[in-house]
Every structure is written in C-alpha cells, then in structure tokens.
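> Sequences listed follow chains A and B, in order.
For the first sequence, the UniProt record's numbering begins at 1 and goes up steadily by one.
For the second sequence, the UniProt record's numbering begins at 1 and goes up steadily by one.
Because the hints were derived from the structure by calculation, they are not lab data.
Heads up, the beta-carbon is just placed ideally off N, CA and C, and yes, glycines get one too.
Check before you lean on any hint, since a few could be wrong.
As the list claims (entries may be wrong) - Label-pair restraints from in silico Cβ distances:
(1) B:Thr87 with A:Ser30: 55 to 61 angstroms
(2) B:Gly118 with A:Ala132: 46 to 52 angstroms
(3) B:Gln213 with A:Arg25: 49 to 55 angstroms
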Amino acid sequence: MEGSRVETSSAAAETPVVISVENIRKSYGSFEVLRGISTEIREKDVTCIVGPSGGGKSTFIRTLNGLEPINEGRIRILDYTLPGWRKETEQLRRSVGMVFQSFNLFMHLTVRENITLGPTAALKVSRDEANARAERLLDRVGIGNQVDKYPGQLSGGQQQRVAIARALAMEPKIMLFDEPTSALDPEMVKEVLEVIRDLAASGMTMLVVTHEMGFAREVAHRVFFMADGVLSVDADPETFFASPKDERHAAFLSKVL
Amino acid sequence: MNFEIQHLVNNYPLILQGLLVTLRICAASLAIGTVLGLVACFMKLEGRGWPYRFAVAYIDFFRTIPEVVLIFWVYSCLPLLFSFRLTAEASGILALSLFASAYLAEIFRAGINSASRGQVQAALALGIPVRVIWMRIIMPPAIRRMMPALISFLSELIKATSLLSAIGVAEMAYQASVLGSKTFAYVEFLSAIAVLYFVTIFPLSLYVRRTNQKLAGKAGH
Ligand SMILES: Nc1ncnc2c1ncn2[C@@H]1O[C@H](COP(=O)(O)OP(=O)(O)OP(=O)(O)O)[C@@H](O)[C@H]1O
Ligand SMILES: [Mg+2]
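With the hints as extra help, turn the sequences into a complete structure.
Structure follows, in structure tokens:
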C-alpha cells in the first residue's frame, strides 16, 4: 500500500496553511494538560499524532474544533479563529469533521438519519440531496446495504464507518480522528483503516491520533509525538521511526516497535 | 351485612362527578407541576450558584414533607400569611402541584442526565445548533426513558388526590364518604370507589411493568 501516500512533504510544503496553532495552553484545575503547543498544518497534510497515554493527544485534537476550550493561545482554522463566538465555532465545526474512538452514533436514529441530520439541520441541505449524500457515502465506506438499520444492529467496524460517513456528509475540508480503531475488535481494524487510508489518498487534510504505528508509517506525511502536554517531535515518518530525537521519544519507539 | 346495589344505582352521578373532579385536579396539578418541575430541573442542572441551591432546597423540601401536611398547610396557613383565600379545590391543586413539581423535577433531571455525552459531543462537532441537539438528540431518548417513572408518578398523584377530601374538595373519595355518612351504606360506596381507583390506576401499572420488562430485555443483550 506504499502508493497510497499522496505526496512527498516537500511538495506538500507549497500548499496553503489551513491550521495554525499558536502557543495554546489548557489546564484542568491546577493540572496543565497542554503546555504551549504551536504548529502549522498545510492543506492535504496527513498528520498522525502518537505518544504515551495521558500525553494530551485527545485533548489537543479536541481543541481544534472547540470541543475543549483553551486557556491561552489561539488557533486559526480555515477562515475561523478559536476561541471565538459560538456562531463562528459552529461554522468552523461544519468544515471540520471529527471521528471519535467510541463512534458516538445517535442510537435512536437510523443510519440514514445519523448521516442526514448534520447536512439538513446545520447546512440547510435539502432532504433529497442529504439522502443522496448518505447513500453515496455509505457505498464509499462499503456498507451501502445498511442504510435503514439502527446503529445497534451493526458491528463495531460498521458503526465506525457510519461515523466516518456522517462526518463526510458535511463535506468538511479537514478531518480529525481520535483513535478511530482503538475500540474495535482486531478483525475490524483493517476495514476501518482501509477507509481512512482511501480518504488520505483522496487528498483530505487529516489529523489522526493513533496507536497503529504501521498505519502512521505508511499513510502519514508527518508524525507528531506528544508527551506530557508538549508536542516534542514533528518529523516525516522515516525520520520519526528511524532516528529518535530525545530519550522520551526513544523510549516510546522501543515500546511500540 | 348485605350489599345494597340500590344505593349505587341511586347515587352514581355524584360518584362520577367526584371522579371527574379527581381527574380534573390531577390534570391541573400535572400541568402546573410540569412547568414548575422543568424550571426546578434546569436550575438544578446548573450544578452551582444560587438558583441551583434554591432548586435543591425546594426539591428536598417538597419531597420530604407528607402530602397531607402540605395540603393542610396550603389550605389553612397560606391565607393567614397572605390576605387572600383560595377555594378548597384551588388550594388542593396548588399543594399537589408543589408536590408534583418536586418529584417531576427529579424525573426530568434523571432523563436528561441519561443523555449520552458522547452523542451530544458528536452533534456539537457537526455544528448542529444547540436547539436542534435538544430536540433531536437529547429529548427523544430521554422521554422514552422517563416514561415509566412519569406514569408511576401519575398513579401516585391520582391516589394523593383522595387526601383532598380532608379539606372538603368534592373529589371521588369525598363524595363516597359523604354519601356513606348520609345513607350508612359505607361498604357500597367505598367499595365502588376502590374499584374505580383500581380500574384507573391498574392499566398504568401494567404499562410500567411492561415497559420496564422491555427495557430490561433490551439491556440483557
Ligand atoms: N475532563 C478532564 N478532567 C480532568 N483531567 C482530564 C480530563 N480530560 C483529560 N484529563 C487529563 O488530561 C491528561 C491528558 O488526557 P488525554 O485524554 O488528552 O490524553 P491522551 O494522550 O489522549 O491519552 P490516551 O492515549 O490514553 O487516549 C490526562 O492526564 C487526563 O487524565
Ligand atoms: Mg486519547
């Protein structure tokens, strides 16, 4: 699957910056979870975020669509700024899709309703158009025949693919994934990674928090290492996995590889 | 002891009129209790600040004192504090509304708290307006989960209306005791209203039992 990597990082460097994170900090009480993170993400970048548990990966990715408010610093995404007014944050979220570890599907709605709710309620897309999108996207993630089922009737892998389709139905410019395969049985991990890999190949800008090092090595243009609330390594995958930058990084690599 | 059905045949309109009053008081207390209960529920959901503290105290207070005491208090003491007099029925409705609001607030709160945080976050992440999240994501499952508790409470409320006979509200139990004392046919009248309470309330219990079984079955697999 080597061919599915979209571009080399040197070519990617010419595309515009779509996310710019400026020295953000976030605390829970007196405990600082994000301790001054800055970075820039360019259009079509596929960035994997790895690191030890509790390092702040989830918190970081959730600050990018305003689900976690930040205490200091600033985030610019597309034409939006965080922190910002609620209306602006709502707008931002319509352009930034998110996929959660635990799927978070609407269990009382059918698969179709799960996917059409966002476009109809937030984008004012017509019902026909929303339905067409739902069917097209379900075909794309390989479960076109499940459209009228309830999430509870699907396997974990199928549910996560519905969740991806739900996010894509908003036609986002950026996709955020927080450990999309960690809650899945091993035999279902592949089908979900396949979908994410295709999405990367289609040129979607993506940030993926993951523990799947093989996936990161193969799909990412950049790999971030986050530990103790600091983004301490930002490298292309070859460099990231071959030459550790510091002891923390080396210790992590020796554990996961 | 003989059961003279003739007493019932002669006086059934009064009993039915009493039943009507019972249902009317229930409907009114449920409506007012729902409004007050929603307010208390959202104040308590705030989780802090003075509205929260007020709601906690309010709910604890009206859930703790016996309904009879509340009824007598509203009927006899309220007019002493404020210089106005409510009719017996209005006093009864007010007392039962306060009683209902405290219980309903807790039922509403449990329902809303049972909403999945993850689903709400997913909806927020889609940029769905908060109003729509309430209507489409939070409320429908919350209402479904609240139904058994709401219907159980309705049974309690119907039973509690019989306490209003103590302040002379002409609901069903009052009519039966008045007719009983007039004719000495206590057995006939009290048995008759027992049956009427039963046929009103038992279907509600059946519903609750069925729904709880269904919910338990669902949780099972
Ligand atoms: N709501 C919260 N309140 C208090 N502390 C929190 C909260 N959420 C996260 N934390 C703490 O913040 C730190 C970072 O958590 P985070 O979930 O971002 O880590 P992570 O890198 O995603 O870990 P994992 O790999 O286990 O998912 C942890 O120490 C966690 O305990
Ligand atoms: Mg995490």
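> Evaluate each hint against the coordinates.
Hints, verified against the model:
1. Evaluation of the 55 to 61 angstroms hint for Thr87 (chain B) and Ser30 (chain A) yields a pass: the beta carbon distance comes to about 59 angstroms.
2. Remark: the range hint 46 to 52 angstroms for Gly118 (chain B) to Ala132 (chain A) is contradicted by a beta-carbon distance near 28 angstroms.
3. For Gln213 (chain B) and Arg25 (chain A), the Cβ-Cβ distance of about 52 angstroms falls inside the hinted range of 49 to 55 angstroms, so the restraint holds.
In the structure shown, a violation is registered for the earlier hint numbered 2 alone.
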